[in-house]
Amino acid sequence: MTFLRAAAFLFAGSALAWPAWAADSAAPVPDLSGAWSRLTFGFERPTSGPGPIGRYNNQPNVGGNFNNPILKPDAAAVVKRRSETLRSGEDYPNPSLNCLPMMSPYIFRVQEMQILQKKDEVVFLFMQDHQVRRVRLNAQHPAKVTPSWRGDSIGHYEGDTLVVDTVGVKVGPEPILDMYGAPFSDALHVVERYRLVDYAVAKAAQEKNIRDAGPVATEQAASIDEHYTGKGMQIQFTVEDKNVFNTPWSAAVTWRRAGGWVENVCAENIHEYYNGGLTKIPQAERPDF
Amino acid sequence: MFVMPPRNLLVALACSSALAFPVCAKDGAPAAPDFSGIWARTTFGYDLDVSGPGPLKNLARRANGTSDAFKLVGDYHNPILQPWAAQIVKQHGEISLAGKSYPDLSNECRPLPPPYILRVAQMQMLQEKNRITILYIQDHQYRQVRLNGTHPARVTPSWHGDSIGHYEGDALVIDTIGIKTRPGSLIDMYGTPHSEALHVVERYRLVDGNAAREAQQKSEKEYGRPTTEPVYVDFDYAGKGLEVRFTVEDKGVFTRPWSSSVTYRRSSSDWQEIACAENTEEFYPGATTTVPQSDKPDF
Numbered sequence: 163m164t165f166l167r168a169a170a171f172l173f174a175g176s177a178l179a180w181p182a183w184a185a186d187s188a189a190p191v192p193d194l195s196g197a198w199s200r201l202t203f204g205f206e207r208p209t210s211g212p213g214p215i216g217r218y219n220n221q222p223n224v225g226g227n228f229n230n231p232i233l234k235p236d237a238a239a240v241v242k243r244r245s246e247t248l249r250s251g252e253d254y255p256n257p258s259l260n261c262l263p264m265m266s267p268y269i270f271r272v273q274e275m276q277i278l279q280k281k282d283e284v285v286f287l288f289m290q291d292h293q294v295r296r297v298r299l300n301a302q303h304p305a306k307v308t309p310s311w312r313g314d315s316i317g318h319y320e321g322d323t324l325v326v327d328t329v330g331v332k333v334g335p336e337p338i339l340d341m342y343g344a345p346f347s348d349a350l351h352v353v354e355r356y357r358l359v360d361y362a363v364a365k366a367a368q369e370k371n372i373r374d375a376g377p378v379a380t381e382q383a384a385s386i387d388e389h390y391t392g393k394g395m396q397i398q399f400t401v402e403d404k405n406v407f408n409t410p411w412s413a414a415v416t417w418r419r420a421g422g423w424v425e426n427v428c429a430e431n432i433h434e435y436y437n438g439g440l441t442k443i444p445q446a447e448r449p450d451f
Numbered sequence: 030m031f032v033m034p035p036r037n038l039l040v041a042l043a044c045s046s047a048l049a050f051p052v053c054a055k056d057g058a059p060a061a062p063d064f065s066g067i068w069a070r071t072t073f074g075y076d077l078d079v080s081g082p083g084p085l086k087n088l089a090r091r092a093n094g095t096s097d098a099f100k101l102v103g104d105y106h107n108p109i110l111q112p113w114a115a116q117i118v119k120q121h122g123e124i125s126l127a128g129k130s131y132p133d134l135s136n137e138c139r140p141l142p143p144p145y146i147l148r149v150a151q152m153q154m155l156q157e158k159n160r161i162t163i164l165y166i167q168d169h170q171y172r173q174v175r176l177n178g179t180h181p182a183r184v185t186p187s188w189h190g191d192s193i194g195h196y197e198g199d200a201l202v203i204d205t206i207g208i209k210t211r212p213g214s215l216i217d218m219y220g221t222p223h224s225e226a227l228h229v230v231e232r233y234r235l236v237d238g239n240a241a242r243e244a245q246q247k248s249e250k251e252y253g254r255p256t257t258e259p260v261y262v263d264f265d266y267a268g269k270g271l272e273v274r275f276t277v278e279d280k281g282v283f284t285r286p287w288s289s290s291v292t293y294r295r296s297s298s299d300w301q302e303i304a305c306a307e308n309t310e311e312f313y314p315g316a317t318t319t320v321p322q323s324d325k326p327d328f
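Protein sequences appear in the order of chains A and B. Be aware that the first sequence starts at 163, since it is given in this note's numbering, and climbs by one per residue. Be aware that the second sequence starts at 30, since it is given in this note's numbering, and climbs by one per residue.
Honestly, I wouldn't trust all of these hints.
Claimed, not checked - Straight-line Cα separation of at most 35 angstroms, DSBU-like style, residue types lysine-lysine; simulated pairs:
| id | chain 1 | residue 1 | chain 2 | residue 2 |
| --- | --- | --- | --- | --- |
| 1 | B | K158 | A | K280 |
| 2 | A | K365 | B | K119 |
| 3 | A | K442 | B | K209 |
| 4 | A | K332 | A | K280 |
To be verified - Have a look at the derived ranges for each label pair, beta carbon to beta carbon:
| id | chain 1 | residue 1 | chain 2 | residue 2 | range |
| --- | --- | --- | --- | --- | --- |
| 5 | B | T185 | A | N219 | 37 to 45 angstroms |
| 6 | B | E225 | A | E447 | 24 to 32 angstroms |
| 7 | B | G81 | A | D348 | 35 to 43 angstroms |
Unchecked claim - Listing some non-contacts, in silico: residues in chain A with all C-beta distances to chain B over 10 angstroms:
| id | residue |
| --- | --- |
| 8 | S195 |
| 9 | N219 |
| 10 | Q221 |
| 11 | P222 |
| 12 | P231 |
| 13 | P235 |
| 14 | P263 |
| 15 | R312 |
| 16 | E320 |
| 17 | A362 |
| 18 | Y390 |
| 19 | A414 |
| 20 | A429 |
Hints are computed from structural coordinates only; laboratory data are not their basis. Note that CB positions come from ideal geometry on N, CA and C, so glycine has one too.
Only chain B is shown next, with the shape it has when bound in the complex:
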């Protein structure tokens, strides 16, 4: 009679439960990295220090040399941009230099597609056997990623797009297509447009605590810390950080695929509630959006 060795039996039990989420590979061995918990960033921007084609840099600088968060002038000379897209970026920059905000998914309370959603300062990953759910602190957004699935032959466009994922060793790879377009669709803070051909691949990987700290410090050196909202990073935490490398391709907008990364560290705070519809603060400091006021109550 065949007797299964107890250790293998236990692993098989742990990996086979329909209810449980023990992230297990097909051979029954625990495999997937643990990304669970709350993560935070200190800047909105994408890392510029990349080899090969990379994201746009802000041409407007503060006196200390960092990106001027209140003048968003994307480098429309970046060779990744097709001429028409460069023109769009330039026009956004002119609006920003005039001291105005341009329509943006973030200031219109709309869902943010990848990679733009990586600007949100705090997020939480929930790993299940067949699915990853990512919660974002801004306006209670969430994305869902089907593991080991395929994109439908015909995707219904949505703001978050259709995302599938799989584990590759220590990395989670998320592949997204089917992102909704409309006039003014953008994928970064400079108003860089996208088309229905947008294809984003993200690779999530745990990195050493020092590497994560250095990556965030480098990002802060470029962008500075936000002055309009709190920073949620636990600066005392020395454990692992979370790096997201991503590649963007869109033959309707870009001349070539380009790549960048962002890095998260553990959050210092639990989850706060941020309701976009309640935010009357304008992006430029000290300004508040005028909202309709009643002279008397309705009843």
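For reference, chain A alone in the conformation it holds in the complex:
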């Protein structure tokens, strides 16, 4: 055994270690680990091909573009009703408001996350409400998936890219796919592709996203390390759901190194998004004891 091969074997063979090694022990996988941050709720549109439905009249806080031709009629009606609800000054139920787990791609509205790369799995920690996603590497979806909020996610490395494939996302009474209010069905299939990109690419993509999607209206806990000029990370993803969309569509979200990590608990949040007020919660006139 040559020295290099012996070293490679040692790296890749340790039961304890995550040696950042592909299944064939031939090439290192990209190091996506650490905390990442972004500054909007919105997705980046692809340069060509179908993209997310986008905002109604390209205005903030009025919901999704229910006239987008990629929507099937029933789905367009759902998006329209949700848009009307928003325009009336109310909000419609969604996982973020209801403290429920989020699925991909909706979960990318959470603006800070960590990636932990292990030998057999990749774990994503999201800052909002301690959410966790788990991706089994080099595995198969079960023949019969038990639906769950996050769905069943499997992944593998393709050169410099981590590919994550998700099915089996639970369809509740108000399924929400994205911040535009598009619904989804049990046919939802999402493929995400994670890869590192140059600092300049990441910065430009984030700045364009803020111009296109608009900055968030309320202060978020996430922050970007503005002094870090190393690699950013881009997730390109494709969504298909034959019951909701006439065609698969793609989008991207771009991340830079995070500036910190704080505890963010949904059950404690009484902030109302639209009027800037605080939700009234029951108050006791005197302590219970």
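Based on these hints, arrange chain B on the given structure of chain A.
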């Protein structure tokens, strides 16, 4: 010319990679125990069989002598409690005896601080070179522990607190301070309060399979198995278990530090999704919390 012996070179390579997590000591030798994987417990409670000051025992017992999980009356006579804290525990017990649940971090979907988070039946440890992440099955909670770090001079209080850790031989030691307080903060199922002075030290160590089984059986003898949720332990697995010994000190609440332990064994199931916000089951069997219902859909 100096020639590094191949074996040492390989170890140095394995231990020096910025990407990898080969848990290696400073001298380059593999050192840290492997806690990775999914672990499970069969009870919610802390072990009572400790030498020296220990946790509260449930005064309410079932006919078979085990702790009555639906009447949580912490032993407010336990000398670890300062008088005001004993009074709080007693009042929680009276609420429970009346057949009601008192506010609890678990039933309010809030993060659980240590040691209370040890009640969660299933957890997974992810070991990295500079950090330990612990995932808990209940409401997708996670804790993160900085290895070989120090607490900040000024800690921003949080539910999980600020945790630092280091390896001591075969043990992982986690030291936590800075746990957020509010009215009703508690660190066990009996409503024992804590203050901002709470300091918890946990020691994680692999133990022999038989020892782990016996520890869990002893805990079940005291607490019984939960009737309100599944048990995830792989009872056929004979390999190592995981013991967590912990010490709690809080000069605002306790008269002295006290200690206890919990023991995990390998889980029989993969990870299930438990979303607290979806749980309408009340703690007492057969009861379901009333949630607002619409007569007609919103649209």
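Hints versus structure:
Of the pairs offered as hints, the one joining K158 of chain B and K280 of chain A holds, with about 12 angstroms between alpha carbons and a cut-off of 35 angstroms not exceeded. This hinted pair does not check out: K365 of chain A and K119 of chain B have alpha carbons roughly 58 angstroms apart, beyond 35 angstroms. A distance of roughly 23 angstroms separates the Cα atoms of K442 of chain A and K209 of chain B; the hinted pair therefore holds under the 35 angstroms criterion. Taking the CA atoms of K332 of chain A and K280 of chain A, the gap is near 26 angstroms; set against the 35 angstroms cutoff, the hint holds.
For T185 of chain B paired with N219 of chain A, a C-beta distance near 41 angstroms keeps the hint of 37 to 45 angstroms intact. A C-beta distance of roughly 26 angstroms is found between E225 of chain B and E447 of chain A, which places it inside the suggested range of 24 to 32 angstroms. Checked against the given bound of 35 to 43 angstroms, the beta carbons of G81 of chain B and D348 of chain A, roughly 56 angstroms apart, lie outside it. Listed as a non-interface residue, S195 of chain A fails to keep its Cβ farther than 10 angstroms from every Cβ of chain B; the least gap is roughly 8 angstroms.
Every CB of chain B lies more than 10 angstroms from the CB of N219 of chain A, the least distance being 20 angstroms, so the non-interface label holds. Listed as a non-interface residue, Q221 of chain A keeps its Cβ farther than 10 angstroms from every Cβ of chain B; the least gap is roughly 21 angstroms. The non-interface label for P222 of chain A is consistent with chain B: the shortest C-beta to C-beta separation is roughly 22 angstroms, beyond 10 angstroms. The Cβ of P231 of chain A lies farther than 10 angstroms from every Cβ of chain B, with a closest approach of about 23 angstroms, so its non-interface assignment holds.
Distance to chain B confirms P235 of chain A as a non-interface residue, since its nearest Cβ pair spans about 16 angstroms, more than 10 angstroms. With a least beta-carbon separation of about 5 angstroms from chain B, P263 of chain A fails to lie farther than 10 angstroms from that chain, contradicting its non-interface assignment. Annotated as non-interface, R312 of chain A brings its C-beta within 10 angstroms of a C-beta of chain B; the closest such distance is 7 angstroms. Every Cβ of chain B is farther than 10 angstroms from the Cβ of E320 of chain A; the closest lies at roughly 18 angstroms, confirming the non-interface assignment.
Residue placement check: A362 of chain A keeps its beta carbon more than 10 angstroms from all beta carbons of chain B (closest about 23 angstroms). In this structure Y390 of chain A is separated from chain B by more than 10 angstroms, as the shortest Cβ-Cβ distance comes to about 16 angstroms. In this structure A414 of chain A is separated from chain B by more than 10 angstroms, as the shortest Cβ-Cβ distance comes to about 25 angstroms. Distance check for A429 of chain A against chain B: the nearest CB is about 5 angstroms away, which does not clear 10 angstroms, and the non-interface claim fails.
Violation of the numbered hints given earlier is confined to hints 2, 7, 8, 14, 15, 20; the remaining hints are satisfied by the structure.
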